[in-house]
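Number of protein chains: 2
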Amino acid sequence: MKQLKVFADRMSQPSRAVIIFCKINGIDFEEVRIDLRKGDHKSKEYREINPMGQVPAIVDGSFKLFESHAILRHIACIFPGVSDHWYPADVFNRAKINSILDWHHSNLRRGSTTFVQSTILAPAVGLPLNPQAACEAEKVILSSLSIIESIWLKGNARFLLGNPQPSIADLSLVCEIMQFEVLSENDRERILGPYPKTLQWIENVKNETNPHFEEAHNVLYRFKAKQRSKQGSLGGLPAKL
Amino acid sequence: MKQLKVFADRMSQPSRAVIIFCKINGIDFEEVRIDLRKGDHKSKEYREINPMGQVPAIVDGSFKLFESHAILRHIACIFPGVSDHWYPADVFNRAKINSILDWHHSNLRRGSTTFVQSTILAPAVGLPLNPQAACEAEKVILSSLSIIESIWLKGNARFLLGNPQPSIADLSLVCEIMQFEVLSENDRERILGPYPKTLQWIENVKNETNPHFEEAHNVLYRFKAKQRSKQGSLGGLPAKL
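Chains as they are written, first to last, in the UniProt record's numbering: chain Y, 1 to 241; chain E, 1 to 241.
Treat the hints loosely; a few may be bogus.
One copy or two, either will do: identical chains are not told apart, so a pair holds if it fits within one copy or between any two.
To be verified - Listed next, the in silico DSS-like pairs over lysine-lysine satisfying Cα-Cα at most 30 Å (straight line):
#, residue 1, residue 2
1, Lys154, Lys5
2, Lys5, Lys206
3, Lys197, Lys44
4, Lys5, Lys64
5, Lys206, Lys226
6, Lys154, Lys42
7, Lys64, Lys154
8, Lys226, Lys154
9, Lys154, Lys44
10, Lys197, Lys139
11, Lys5, Lys197
12, Lys226, Lys139
13, Lys38, Lys5
14, Lys197, Lys64
15, Lys42, Lys197
16, Lys230, Lys206
17, Lys224, Lys64
18, Lys154, Lys197
19, Lys23, Lys64
20, Lys44, Lys139
21, Lys139, Lys64
22, Lys23, Lys38
23, Lys42, Lys226
Just so you know, these hints were derived from the structure itself, not from any lab.
Here chain Y stands alone, though its shape is the one from the complex (with noise of 0.2 Å):
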């Protein structure tokens, strides 16, 4: 009996996170699909297991638990075949991920939803994109790649902090920039090209989590596609929004 449900859209960056942590983890779970776009995320019966109406959330038991840090630390935690580098049991190890976790909530998260909100998403549900939003998204994004490549990625580093292997805050940050995706080539070309440390980490994270991570994200290339063939069809979005 499959005891752990995800509840999850792969259209959000720390559902495909939690996905992919399973996964990678050989661990036995039930996706559960709430279709933002659908607005099953505000359903009263998934209200229930998250009332704040956000993906992902888990449900183990008669066990619930949202925000996709908690429940990345939380399965970390309670089965016992996760490897040990994805969330070290050493007590100044697991600090020092916590803080880049805690860190990504108010910097490279914010930066990028906004961003994303501001020009793909916004046309997507009837309102007006929003230039000067995205373009105070886009500096949060900048500072927060550069304090990943100077700090975190320091030197040779294949992965943050210098670790020879990821951890949960990789998963986290590189599934995040992987939303980027959705932008159109020139937007993503100018947020990202300048940070080769960040383009190397990504592949790296890749590289250690597929299958999974290419095929968690094949929803967002599927949208992505779309997107571009809309754009072929209309004469190209501008190159700035």
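Place chain E on chain Y using the hints.
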């Protein structure tokens, strides 16, 4: 010899949470003041401790750490004198506390810091008031307080999650709300007035952590008194900024 150093400015809510936490648990530490108004956080020296240039940060021997939630978790784990209720060893209780701490970043904290910056702090650093940002931030605060009351303080809960004693989540969130002390009386009353459970919860956390709670907040009360006296000489600030 005092091992642990806490770099803090008591005007910062996460700084106060860490200081109160150390004091209530009888941890021997040295408080090193990083005066935000004087720009101490931007100095080269301090950036060696916290490259983000924010407070609080800790140094324990050769180990450095920033991000207040990571610091609170870490101190709870490495100092054996810390009572279990602050950050329970039980993984299920711990996960629920992590979930609140993670939620805090993009909700109550985001709303609170934006509101205080857009109303009180902007003029102090020569920036104009930003009523639109304040208005949007207020919505985030009110929604966050509603969630706290209806989910984590439901029934007759003394502390979050209905716990009989406070956790690091209670301390972090209450220190955040205490920042509203610097607001005009009208703003504070309009925001907090409709949330009697929240007001009672603040009192509960104060009572469990005094005299350290009030002592750590003295600087805030002095700032408030100064603001009030300025407002008096200016004929009062508008009720709604």
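- Task: Kindly indicate which numbered hints from before are broken by the structure, ordering the numbers from low to high.
- Result: 8, 11 and 17
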